[in-house]
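For the protein sequence lines, the chains are Z and U, in the order given. For the first sequence, the residue numbers in the working numbering are 1 to 267. For the second sequence, the residue numbers in the working numbering are 268 to 649.
Calculated directly from the structure, the hints in this document are not laboratory data. You may find that some hints are simply not true.
To be verified - Below, a list of computed lysine-lysine pairs in the BS3-like style, where the Cα atoms sit at most 30 Å apart:
1. U/K554 - Z/K117
2. U/K554 - Z/K156
3. U/K395 - U/K345
4. U/K395 - Z/K75
Now for the letters of each chain:
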Amino acid sequence: MKRTHRLGIVTNNPNQAFQRDIILGASTTAESNGYEVQILLAPQRTRPNFTVEGLSGMLVITNCVPDDYLVQIYKTGLPLSLASHQLDSIPVPSLSPDNFEGVQLLVQHLVETCQRKRIAFIQGDLSQNDGIRRDMTFRRELMRYNLPILPDFFLKGDFEPVVAGQSLRQLLKRRQDFDAIVASDYLMALEAIVALRELGLRVPEDVSVVGFGDAPEAEIAGLTTVAADVIELGRRAARQLMGQIEGLEISGLTLISSELLIRKTSC
Amino acid sequence: MKLRKATRGQLKWHNRQLILRAIYDGIADNRAALSQETGLAKPTVSELVAELLQEGLLIEDGLGESTDSGGKRPTIIKFVPNARQVIGISVTADRIFGILSNLNGDISARHYANLNNATQQNAIDILKQVVNGLIAQLDAPLLCIGVGVTGVVDSANGIIHASQALGWFNIELANELHQHYQKPVYIGNNTELTAIAQFAFGKQAHDSTRNLMVLLVNDGVEIGVAWENATYHHGGDIGFLHPSVENAHPLNDSLSWNAIIQKCEALRAQYPNSILPTEGLSYLHIKYAMQHSDALAIALSDQIIQQVSHIVLWAIAFLHPSHVTLAGTIVDLGDTLMSSVISQVQQSLPQAQSVTFSMAHTTNMSALGAVALAIQKELDVI
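Working from the sequences, and respecting the hints, build out all of it.
Okay, structure coming up:
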């Protein structure tokens with residue numbers, strides 16, 4: 001009788017849009033290939049208390065568990081894939097939206113189509129690869145278009161809408177001489193729109209707002225975004241993990257293309 | 268020279284390629300037209316088409332119009348670009364970048380790994396891990412693998428003779444990968460592959476360019492050519508050349524990225540107020556600082572542009588390309604680079620007025636060129 005393989009998908013929140021779509025894509029692909037899927041919760045970014053016994057492989061979504069735990073799992077030889085997270089210390093393969101392409105598309109749209117010239121940036125969590133890369137690419141794109149790179153225009157966001165909102169409200173008290181905001185994710189972009197409107201500023205007439213990533217709430221708000229197909233990311237993640245289980249030695253990063261979704265908040 | 272007779276197998280392969288190419292190029296779309304266009308007998312066409320239908324490379328797609336003289340309506344035959352997939356890899360000094368493509372050059376997956384100063388054997392292991400990352404994402408059977416490498420490559424024998432940037436010398440890479448994957452493997456120089464990609468899948472696929480030259484400037488300096496719509500192609504490292512009598516140093520001493528960094532640091536004492544960073548310098552920093560009238564950036568870019576213009580002039584005089592593409596990280600200097608090079612070429616070489624120019628980022632393009640080379644060798648349809 002054929003042995004059933006079981007994949008563990010580790011997440012801090014299976015109901016949040018990004019995680020939910022990865023789980024959907026990964027589960028569908030894995031199950032159609034005869035694998036069972038088990039969702040493992042790691043809500044606190046601390047060492048999880050679930051067991052990996054009986055798992056054939058593990059997909060970890062973002063940095064929901066500590067890196068030293070991932071190193072420990074890697075050393076056991078259990079096939080491991082990371083979605084939207086990378087580790088430099090071990091050659092574990094990962095998958096990520098193409099941050100470089102995504103930020104390039106957003107800045108290109110703001111500059112070339114919307115004629116914006118003073119752009120502020122709400123940073124993500126700068127301990128995460130996605131946060132670091134989006135920040136780095138934003139700075140490069142400002143240089144490409146010869147736009148001002150002002151320290152004041154780089155706002156702490158941490159991928160937390162509350163933090164992003166606080167940073168923007170503080171900036172708005174000091175100065176309002178920017179004409180666009182790029183947020184490192186769509187939830188922070190939505191909070192930025194709230195903060196701008198509190199002061200009577202119009203979006204997009206006074207300030208364009210765009211963000212990275214997409215979900216129904218972004219679509220309802222008419223937010224211009226760049227988004228990778230996250231369900232596709234999940235499908236590809238399952239394939240990467242199944243490939244390893246079936247004997248392929250893989251290292252490096254699989255990139256998922258991003259698409260510009262022009263809605264109402266840019267111009 | 269004594270000519271040898273083609274074997275039956277070779278003849279069949281040749282005829283099969285004639286059929287595939289006629290359909291791929293849109294010259295014929297049914298058995299009668301294939302017979303007429305290729306000169307092959309109708310039973311031969313039918314036999315080969317049946318074989319290609321069986322392999323999934325062709326598909327029957329309804330009935331066409333009957334001819335003016337009437338008669339039976341022909342069955343339309345189409346090429347199936349998704350019938351196979353091809354892996355294209357580009358190896359540069361710091362990264363191995365791969366794509367998974369169908370037979371039309373449409374990319375369905377991208378995967379890369381950084382080399383982080385890996386040793387030769389480690390780097391080849393990482394190359395295999397990148398290929399594996401793409402194999403895990405296959406949607407159709409893998410046809411073949413193409414690999415582009417920086418340096419001097421013997422494409423015909425699949426050998427990397429010398430890649431200074433990678434520290435690879437005399438490696439039978441195609442053979443090693445073929446043994447590992449049991450699939451045909453083709454290798455070429457990255458810059459040459461960038462040129463092929465432009466003919467196969469890029470803008471030059473649709474215009475009148477016949478002879479294309481790519482000048483790549485990043486970690487080193489390379490030239491790639493694709494002549495007569497990529498019928499002939501070649502490429503290699505020119506960083507060791509001395510193209511100027513005034514300058515006794517090889518090109519790598521003035522244009523490789525290490526040389527640019529050293530030059531920047533040497534000039535910095537003269538321009539202490541420069542906004543150019545002391546760490547993490549890039550061509551984009553130079554471009555940005557130039558636009559803010561930074562004297563160090565202007566001095567640096569003047570020297571770079573003069574050197575690049577000199578090589579382009581030299582190469583045009585020798586090679587007579589109809590199109591020149593500037594490629595590599597240097598294209599981040601943007602329009603200033605392009606307009607200055609064009610202006611200097613047109614001033615110094617009036618007969619080169621008809622040469623057209625473009626810029627290209629190369630990582631994707633050389634991996635795509637590796638796909639094009641592999642499809643060209645395997646199916647002869649590009």
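Evaluation of the provided hints:
1. For the given pair, U/K554 sits about 17 Å from Z/K117 by alpha-carbon distance, which is consistent with the 30 Å threshold.
2. Simply put, U/K554 and Z/K156 have alpha-carbon atoms about 28 Å apart, close enough for the 30 Å limit, and the pair holds.
3. Restraint check: the Cα-Cα separation between U/K395 and U/K345 comes to about 34 Å, which exceeds 30 Å; the hinted pair is violated.
4. Under the criterion of a C-alpha separation no larger than 30 Å, the hint pairing U/K395 with Z/K75 is consistent with the structure, at around 21 Å.
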